[in-house]
Amino acid sequence: MNYFITDFVSYVLKKNANFKNICIVVPNNRTGLFIKKNFSEQINKPALAPEIKAIKEIFVSNSELVEADEIYLLFHLYKTFQKYMKTSLEFDEFYYRGEIILKDFDFIDKYLVDSEKLFSNLKEIKEIDSLFDKYDETELEIIRKFWHNINQAKLSEHKKSFLTLWGNMNNIYNEFKSFLIKQGVGYEGLIYRQFTDKLANNIFEKEMYYFVGFNALNRCEYELFRFLKNQQKANFFWDADKYYTEDKIQEAGYFMRKNIRDFPNAEGFDIYDNISTKKPDIEVIATPSEIAQTKLVPDILNEWSKEKDFNPEKTAIILGDENLLIPLMYSIPENFQTY
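Using our numbering, you'd call the opening residue of the sequence shown number 1 and step up by one each time.
Heads up, a few of these hints could be off.
Here are the simulated EDC-like cross-link-like pairs (lysine to aspartate or glutamate), alpha carbons at most 20 angstroms apart as the crow flies [claimed, not checked]:
{"id": "1", "residue 1": "K103", "residue 2": "E93"}
{"id": "2", "residue 1": "K37", "residue 2": "D7"}
{"id": "3", "residue 1": "K56", "residue 2": "E67"}
{"id": "4", "residue 1": "K229", "residue 2": "D197"}
{"id": "5", "residue 1": "K258", "residue 2": "D247"}
{"id": "6", "residue 1": "K117", "residue 2": "D104"}
{"id": "7", "residue 1": "K306", "residue 2": "D273"}
{"id": "8", "residue 1": "K53", "residue 2": "E188"}
{"id": "9", "residue 1": "K182", "residue 2": "D69"}
{"id": "10", "residue 1": "K117", "residue 2": "D197"}
{"id": "11", "residue 1": "K56", "residue 2": "D69"}
{"id": "12", "residue 1": "K314", "residue 2": "D7"}
{"id": "13", "residue 1": "K242", "residue 2": "D273"}
{"id": "14", "residue 1": "K14", "residue 2": "E207"}
{"id": "15", "residue 1": "K20", "residue 2": "E67"}
{"id": "16", "residue 1": "K233", "residue 2": "D104"}
{"id": "17", "residue 1": "K83", "residue 2": "E51"}
Here are the simulated distance ranges between beta carbons [to be verified]:
{"id": "18", "residue 1": "N44", "residue 2": "G184", "range": "45 to 55 angstroms"}
{"id": "19", "residue 1": "K14", "residue 2": "I318", "range": "29 to 39 angstroms"}
{"id": "20", "residue 1": "L325", "residue 2": "T87", "range": "34 to 44 angstroms"}
{"id": "21", "residue 1": "F179", "residue 2": "L112", "range": "18 to 28 angstroms"}
{"id": "22", "residue 1": "Y3", "residue 2": "E90", "range": "33 to 43 angstroms"}
{"id": "23", "residue 1": "D273", "residue 2": "N44", "range": "22 to 32 angstroms"}
{"id": "24", "residue 1": "I100", "residue 2": "N202", "range": "26 to 36 angstroms"}
{"id": "25", "residue 1": "I71", "residue 2": "N202", "range": "41 to 51 angstroms"}
{"id": "26", "residue 1": "I43", "residue 2": "N202", "range": "52 to 62 angstroms"}
{"id": "27", "residue 1": "P327", "residue 2": "E99", "range": "34 to 44 angstroms"}
{"id": "28", "residue 1": "D197", "residue 2": "P327", "range": "22 to 32 angstroms"}
{"id": "29", "residue 1": "K198", "residue 2": "L296", "range": "46 to 56 angstroms"}
{"id": "30", "residue 1": "F179", "residue 2": "N202", "range": "49 to 59 angstroms"}
No lab work stands behind these hints, which were simulated from the structure alone.
Just so it is clear, the structure is predicted and the values come from calculations on it, not from any experiment.
Where a beta carbon is used, it is the ideal one built from N, C-alpha and C, also for glycine.
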């Protein structure tokens, strides 16, 4: 079995006599830890490890803005929201709504969306009317199961509130963003956007950047990849299988196919063909409930641990429902806690 990170580290060692002129860029710090561990396993003499950065560090370390605390962001978003919406909402009542708005703003900036076009399209009254006014009594009854004591009058109130919000959202977004820039701070998406807008002015000191293990890229990441590719300062390494990349019908390979087309794998680093060439060993176990699935995990892990080639670091437990994470953590046997 080929392991992506092991093969990547072998490639780097083969291509580089020293590491001072390269930077390995990964999606998150966890990936970076496993790459460091592989370097320590494959290098048999004292050596300095290459610089390894989560991609967020590339944006943040080169930005004029400092990432602000979420409470700070939500408080000033609340003040801007109050200015335009003129509601009686207290801050604690706004908090959850503010988190959603902040995530929307983050998405807008990471994907370099034109906010004016986006919000103007969303506030088209006729489109909203057609959405809200189609409810018949049967559909209203379904809604009542979620919103108690609802009636047509309340629907009208919700519609007005909805329209007012979207009508003011672009003003809220622009004023909030301007305030943050004046303060020299920002949320992650704003930092990404500011960095991308001034991409040509940024200094990339390393001779080569290795981008490792990415999948669905936001627009800012895509522009960074493209810029460094055009500068001939980037190599790309995709953890993919031909089963997904060579079959255009495979939905799971959609982003990966686009990535490989726009940013081909580094020369000599091939896409795997494990799925079609190696016979998978699949066992299906029926359980009466989702929680019962997590209760089976200890028995399965203990059984696997008896095998000679068992390696916890190459074992994954994949959940179909993230809400099962906590029950699962309590189900992991104690003898596995030290891994």
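Status of the hints after comparison with the structure:
no.	hint	result
1	K103 to E93	holds, 17 angstroms
2	K37 to D7	holds, 13 angstroms
3	K56 to E67	holds, 11 angstroms
4	K229 to D197	holds, 17 angstroms
5	K258 to D247	holds, 12 angstroms
6	K117 to D104	holds, 15 angstroms
7	K306 to D273	violated, 29 angstroms
8	K53 to E188	holds, 16 angstroms
9	K182 to D69	holds, 16 angstroms
10	K117 to D197	holds, 19 angstroms
11	K56 to D69	holds, 16 angstroms
12	K314 to D7	holds, 14 angstroms
13	K242 to D273	holds, 5 angstroms
14	K14 to E207	holds, 17 angstroms
15	K20 to E67	violated, 28 angstroms
16	K233 to D104	violated, 32 angstroms
17	K83 to E51	violated, 46 angstroms
18	N44 to G184: 45 to 55 angstroms	holds, 47 angstroms
19	K14 to I318: 29 to 39 angstroms	holds, 32 angstroms
20	L325 to T87: 34 to 44 angstroms	holds, 36 angstroms
21	F179 to L112: 18 to 28 angstroms	holds, 21 angstroms
22	Y3 to E90: 33 to 43 angstroms	violated, 53 angstroms
23	D273 to N44: 22 to 32 angstroms	holds, 30 angstroms
24	I100 to N202: 26 to 36 angstroms	holds, 32 angstroms
25	I71 to N202: 41 to 51 angstroms	violated, 30 angstroms
26	I43 to N202: 52 to 62 angstroms	violated, 31 angstroms
27	P327 to E99: 34 to 44 angstroms	violated, 25 angstroms
28	D197 to P327: 22 to 32 angstroms	violated, 45 angstroms
29	K198 to L296: 46 to 56 angstroms	holds, 53 angstroms
30	F179 to N202: 49 to 59 angstroms	violated, 24 angstroms
Checked against the numbered hints above, the structure breaks hints 7, 15, 16, 17, 22, 25, 26, 27, 28, 30 and satisfies the rest.
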